[in-house]
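**Q** Spelled out, the chains give:
Protein chains: 2
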Amino acid sequence: MTNKKGVLVIVSGPAGTGKGTVIGRVGELRGDLRYSVSATTRAPRPGETDGVNYYFKTREEFETMIGAGAFLEYAEYVGNLYGTPAGPVDESLSAGLNVILEIEVQGAAQVMARRPDAVSVFLAPPSLAELESRLRGRGTEDDATIRRRLDTARGELALAKGYQYIIVNDDVETAARELDAVITAGRCRSMYYPEGENLL
Amino acid sequence: MTNKKGVLVIVSGPAGTGKGTVIGRVGELRGDLRYSVSATTRAPRPGETDGVNYYFKTREEFETMIGAGAFLEYAEYVGNLYGTPAGPVDESLSAGLNVILEIEVQGAAQVMARRPDAVSVFLAPPSLAELESRLRGRGTEDDATIRRRLDTARGELALAKGYQYIIVNDDVETAARELDAVITAGRCRSMYYPEGENLL
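Heads up: the protein sequence lines correspond to chains R and G, in order.
Residue 1 is where the first sequence starts when you use the working numbering, and the numbers rise one by one after that.
Residue 1001 is where the second sequence starts when you use the working numbering, and the numbers rise one by one after that.
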C-alpha cells in the first residue's frame, strides 16, 4: 500500500529566479498539485476573486485567525497583513494532494519551524549576473530598484543552505523535473509510515 | 551551476521484494548509474569475472583492507568475508555517477553510520502474504526455508523506519520511477552546496 498523504512543498528564492514559471510547469507535469492561496487584509483589485487570488479578510477577521493559530505564516507589508491559512492546506494534504507554497524567505522560515514535515526548496538563479539580466529584461523596474533587489538576493542566497534542497534554475524544464522528483521523493519519506513490522 | 557529484544510494529490504528487478529498471531509466561491486574471499565460480561479479581477494588481502578502513561495510558469512570497497564507489561519485548499493540490512546500517551523505531506501513488499507468494513462486526453496525467510522479513520490516525512504514494490514500474525520483532529488540536496552567498 502506497502512502496517500500529500506533501507540503515550500518554494522560495530571490525575485526574478523564475519560481512562478517553474512551479507552473510542474503543475503541467503532475495532476496532484495544488497552489496555496494566501489571505490578506488589502482590498481586492479589479478582477481578483476571493478564494482564488486571495482570501480577502478584514483586519479583525485576520487578527482573530492569528489568535486561533490558523496561519502557517503571516507578516505585515506596507500596512496590510498577508498570511497562509493552514486549513485549506491541510485539507488538500489529507486528500492526497501536494501543496506548493511559493513564499519569500521570512515566511518560508516560519513554515519550516511550524511544519517539520514540509519539504523545503530554494530556487536559485544560475548566477547573480544572470539574475540581474533577467530583472533588467523585465523592463519594469528602474536601476535603483534592480540594485536593491540584487542586494536582497545576496542576503537570500546566504540562507539557501537552510533549505533541504537547492534547485538552480538554469533551464526551466530541468528545474521543473527536479522539483517534480523532489515531490515524488517527498511522498516516499519513511516519516509517513508507522513504526515496527506493521509497516504494511 | 548544477552540482555534479553523484549520490550514494543504499537499497535494502527483504529477500523476494524485487530489489534486483527494480534497480535494473532504474538503470534503464537513467544513464548515470553504477552498481557497486563487492569484494569477497570466496573462490570464483565458473563464469564469474574479477571486478565484474566480485573483486576476488585472499583472506590476507581482505584483512589488510579492513585494517586500512577500505570498506564501507563488511561481514563474514559461512566462513567467507564479503564487503563493499569504498575506493571504486568514491571514484564513481566524484565522476558524477550515482552508485547503487544493493545490500542486506546489517550492511546497510554500517554504510549509513559511515556515510551520512548516503540516501537510504528500504524496498518493501506490498504485504507479507504477497512476499510469501513471490518466494513460493520462485519454486527454488522448501517450505521451512520460506518460513525462515518470512520470519527474517518481519524483523527487517521493523527496521524500515530507519531508512530515509520507503518504497513499496507493488508495481515494478512505479517503484522504479520512485527510486529514480529519489536519486534525482538526492542530487539537489543543499548539503552539496557551500555555505553563504557564494552558493553560485
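One should not assume that every hint holds.
For each label pair, taking beta carbons as the anchor points, the in silico distance ranges come out as [what the hints assert, rightly or not]:
| # | chain 1 | residue 1 | chain 2 | residue 2 | range |
| --- | --- | --- | --- | --- | --- |
| 1 | G | L1097 | R | R147 | 39 to 45 Å |
| 2 | R | L128 | G | N1053 | 46 to 52 Å |
| 3 | G | T1152 | R | P126 | 45 to 51 Å |
These are computed hints drawn from the structure, not numbers from a lab.
These numbers were taken from a predicted model, which means no experiment stands behind them.
Glycine included, every Cβ here is placed at the ideal spot set by N, Cα and C.
**Q** Evaluate each hint against the coordinates.
**A** Right, here's what the structure says about each hint:
{"no.": "1", "hint": "G/L1097 <-> R/R147: 39 to 45 Å", "result": "42 Å, holds"}
{"no.": "2", "hint": "R/L128 <-> G/N1053: 46 to 52 Å", "result": "50 Å, holds"}
{"no.": "3", "hint": "G/T1152 <-> R/P126: 45 to 51 Å", "result": "49 Å, holds"}
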